[in-house]
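**Student:** Chain residues, written in single-letter form:
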Amino acid sequence: MGLHSELLARPLLDVWRLISSREISPVEITQLTLERAVRLAPHLNCYISLLSERALSRARALEEEASRGSIRPLHGIPISIKDNIDVAGVPTTAGSALLNDYVPTRDATVVGRLEEAGAIVVAKANMYEFAFGGPNAKFGRTRNPWSLSRTSGGSSSGSAASVAAGLCFGSIGTDTGGSIRIPAAFCGVVGVKPTFGRVSRAGVFPGSSSLDHVGPIARTVADSFALLRVMSGPDGQDRAARMQRELPLRLDPDLHGLRIGLAIPDCEELRPDVKVATVRAAGVIANLGATVEEVPIPSLSLARTVMWVISGVEAADLHRTRLRQRPNDYSPTVRLRLERAEFIPATDYVLAQRLRQRFADELRAIFRGIDALVVPGCSEPAYPIGPPDGRVDRSDLAALGRASLLTALFSITGHPVVAVPCGLSGGLPLAIQVVARHEEEEICMRIAHAYEQATPWHLRLPSAVDTSPAVTADRVCQ
Amino acid sequence: MLEGYSRLAGLAHDRARLAELEPWVVEMFVDLGELRRAELNGDVGIASLEGMPDASPHFPAPEPDL
Chain A
0 MGLHSELLAR PLLDVWRLIS SREISPVEIT QLTLERAVRL APHLNCYISL LSERALSRAR
60 ALEEEASRGS IRPLHGIPIS IKDNIDVAGV PTTAGSALLN DYVPTRDATV VGRLEEAGAI
120 VVAKANMYEF AFGGPNAKFG RTRNPWSLSR TSGGSSSGSA ASVAAGLCFG SIGTDTGGSI
180 RIPAAFCGVV GVKPTFGRVS RAGVFPGSSS LDHVGPIART VADSFALLRV MSGPDGQDRA
240 ARMQRELPLR LDPDLHGLRI GLAIPDCEEL RPDVKVATVR AAGVIANLGA TVEEVPIPSL
300 SLARTVMWVI SGVEAADLHR TRLRQRPNDY SPTVRLRLER AEFIPATDYV LAQRLRQRFA
360 DELRAIFRGI DALVVPGCSE PAYPIGPPDG RVDRSDLAAL GRASLLTALF SITGHPVVAV
420 PCGLSGGLPL AIQVVARHEE EEICMRIAHA YEQATPWHLR LPSAVDTSPA VTADRVCQ
Chain B
0 MLEGYSRLAG LAHDRARLAE LEPWVVEMFV DLGELRRAEL NGDVGIASLE GMPDASPHFP
60 APEPDL
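Protein chains in written order, with numbering that gives the first Met the number 0: chain A, 0 to 477; chain B, 0 to 65.
This is chain B alone, in the form it adopts within the complex (with noise of 0.2 Å):
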């Protein structure tokens, strides 16, 4: 997968720099558990959010709490 994912991107890693990536990368995929668990449990840590709707993912800018 890496392979084929570093060639269309137009990385083209050579065999020895996407051995050295893959346990990384695979790491990363594991950190990225956290976010899709947090979706499933529908909250961020303390759940007083219950209820409430999704939030609109539109960034940059914080709106301000006037």
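For reference, chain A alone in the conformation it holds in the complex (with noise of 0.2 Å):
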């Protein structure tokens, strides 16, 4: 494996102080970014649109920047966005067939931030279809680089997989019942649904207006929070994101003092070897100076219903006149989805919400004991992928139900969540989640990120994407 390789297999900052110390230029790293998208993407069908002469023209700039010496927070890494995030000129498809010709014509608010800080978009990432139903029709699934007959979970399936197997140094995605944390946790890398609040959904397509989030997928805890600052503040053009508090400026290695809660919930679709080994994350948390205690948790189960009603109406909601004008451009399982959506009475919308501002409540009753909550990041690792694109299959939906059953709770509560690799199990990755109260992210990225350092699980990369048959490129990583 060769210098240059090995690069891609680095985290954000390192390769951002190579930048600033003039060792490797913008446009190298976004020349040697692109080379391995375009031999790997198409296996792993993890980008929509590749961005390569955009990404080279902003690198170029950026170089030139670089060479009168002002380098930017994020000057010349190469990110993904995940595609129902605007990117000014470049179609968003949201993974449907119904947005084919959409091409905004001004950034979404993150996207800016993160250029403005001198991030280079090199794709569009694949993603379930409206972020809603399950792998789209129409581009297809996107296959997890530890094992290619995996999933690589959803809706942020491409901006997770393409940071695992090495394509950018991060991506954004959005978290609506799991969106975010269930790709990073099935992709081996770290995902975080900051605070409600915190980051604008402005220039995104929408899912759930009530309960999307935007948030960064990295390779590490430090850089998830590096994305995270860059992305967050107020913007008038969300009315939710109103969030005043600023993130510091680098999180504080140290656990003392602080008190953490484990909670294992009791339930039949939660595996052993997945218990085991958040037993076992805590365990080093609390050698790590932290107070370990067992609390309980609601009901997951409860959450999770909870959670699909609230989607499920809003999306119904926002697809009503498309569903009725073009209902054959959706795929299968999303348009049975939205069209079952209809039948929920409104009062059984309003009882969601009401539920839901109860299990507020509760976490943030058993917030005054602790600082921070660790559970599961899945029930099990990364599933088999299943039948063809383009059918509706019951196990399919039985599985996109099994993976929102520990994220759905902290979805509809607002909380910030980080997942973190936390092991492997059958050479696919688990994760756990670490969950602070809200606005508080650098408390549960602190705690992730202490818990990443005295572990390996974010040094070991995969390696199906470049061992497949089909495939000759050179490794990710020895």
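Among these hints, one or two may not hold up.
As the list claims (entries may be wrong) - Interface residues of chain A toward chain B, partial, derived using beta-carbon atoms under 7 Å:
#, residue
1, Ile70
2, Arg71
3, Thr304
4, Arg339
5, Leu354
6, Glu379
7, Tyr382
8, Gly385
What the hints assert, rightly or not - One-sided excerpt, in silico: chain B residues whose CB lies under 10 Å from chain A:
#, residue
9, Tyr4
10, Ser5
11, Arg6
12, Arg14
13, Glu19
14, Phe28
15, Asp30
16, Leu31
17, Ala37
18, Glu38
Please keep in mind that the hints were generated in silico from the structure rather than gathered at the bench. The beta carbon of each residue, even a glycine, is placed where N, CA and C say it ideally should be.
Two chains, each in its own frame: build the complex with the hints.
**Tutor:** Right, dumping it as structure tokens:
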């Protein structure tokens, strides 16, 4: 493996330091990233658009800036953007055939902030159709870099797979019921769902207006934090994005004095190996100086039902006109789920919102005694890819349901969560979620960062995409 | 019921589509029963909220817990 290929396996902040010290240029790193994407992205099916010319043009401008000694917080860092987030002049498909002709003229707020900070958008990433129903029929499924026969999860499937496979150093996804954390967990990378209102959703194709969050995916917690700091802040174009409290410059690695609650839900869907890995992770966190105690957790199954009811009704409302005008342009699974949601009684939607508030109150009560909560990331590792795209499959829908069991609660309450790798099972990544009080991202990310640095999981990179018989490229990491 | 609602709501499914949809809708109503049971029980799983007043259903933005 050559020096240049090894660069692509490094964390974002390492590469930024190399760019800052002029050891590598924005053009060089962008070219390397694009070359790797051309070779490997088709095998993973993780990108919808590769923006080579646009990215190289920006890289050249940033290189000139760097030569004058001007370095921005993400100077020259190649990233991908989920394809429901607008990049001016580039089609936004949201993974659907319905948005074929939509080319935004303005950047999403979050894209504008990242580019202002010096990031280079190299690709629009594949995703579940409208971030809602399952793999999309138009662009197909994204494969998992750890095993090409496995799902990469969703809905931010291409974002997580592209980061895990070394095709970029970070990606921006969206999370309505777990759509950043689930693919991050399945692909062995770090995913952050910030507090509701931390990051603007202006220029993001909505999925469910009261549940949608935008957040980063990267290879390390510190990388994710660097992206989140740039993305955060109030925005007049999104009424929910009103959070003023700024994040600190860097994460404090000291866990002494922190009180952590460990919650291992008692449910059949949770696999024993996931439980064991979560308890072990809590043990590592305790050894780092935090106090860990077991705490109860509200019903995850009920929280998931609340999330499905709210997201289903809000999505059905959003798609009301399109669903009547062009029903056949939706993939069968999405169409089914949207049509089914039309039959949810208004009283049940209001009841779900009332229960949602009770869940938030319940978590608030739990957080009176602790600073952060550790729970499993997903109930199982990445599951096998289902039947050919384009059919409604009951087992696929059941798998989607299992995947969101551990994530939905914090989606409906709006708490900040980071999913961080915590082990391997059968060669596939496992993850924990670390949750904090509203607006306290630095607490959960500080814990996740200290845990990550004390364990080897973020150093183990996938090799399936490189060793696939169809691909002869070099490995991501030896 | 499905046929009537579908017509009134402008979905206008044909019989084949309605037949396809019906089992999924029935299953969904079974799932919705979980919400009503939770309301009857008055808790969301660990019952520490006993005696607390019903919270407002107002959303979208959860209030910061500061």
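**Student:** May I ask which of the numbered hints given earlier this structure violates, with the numbers listed in increasing order?
**Tutor:** 1, 2, 6, 7, 8, 11 and 12
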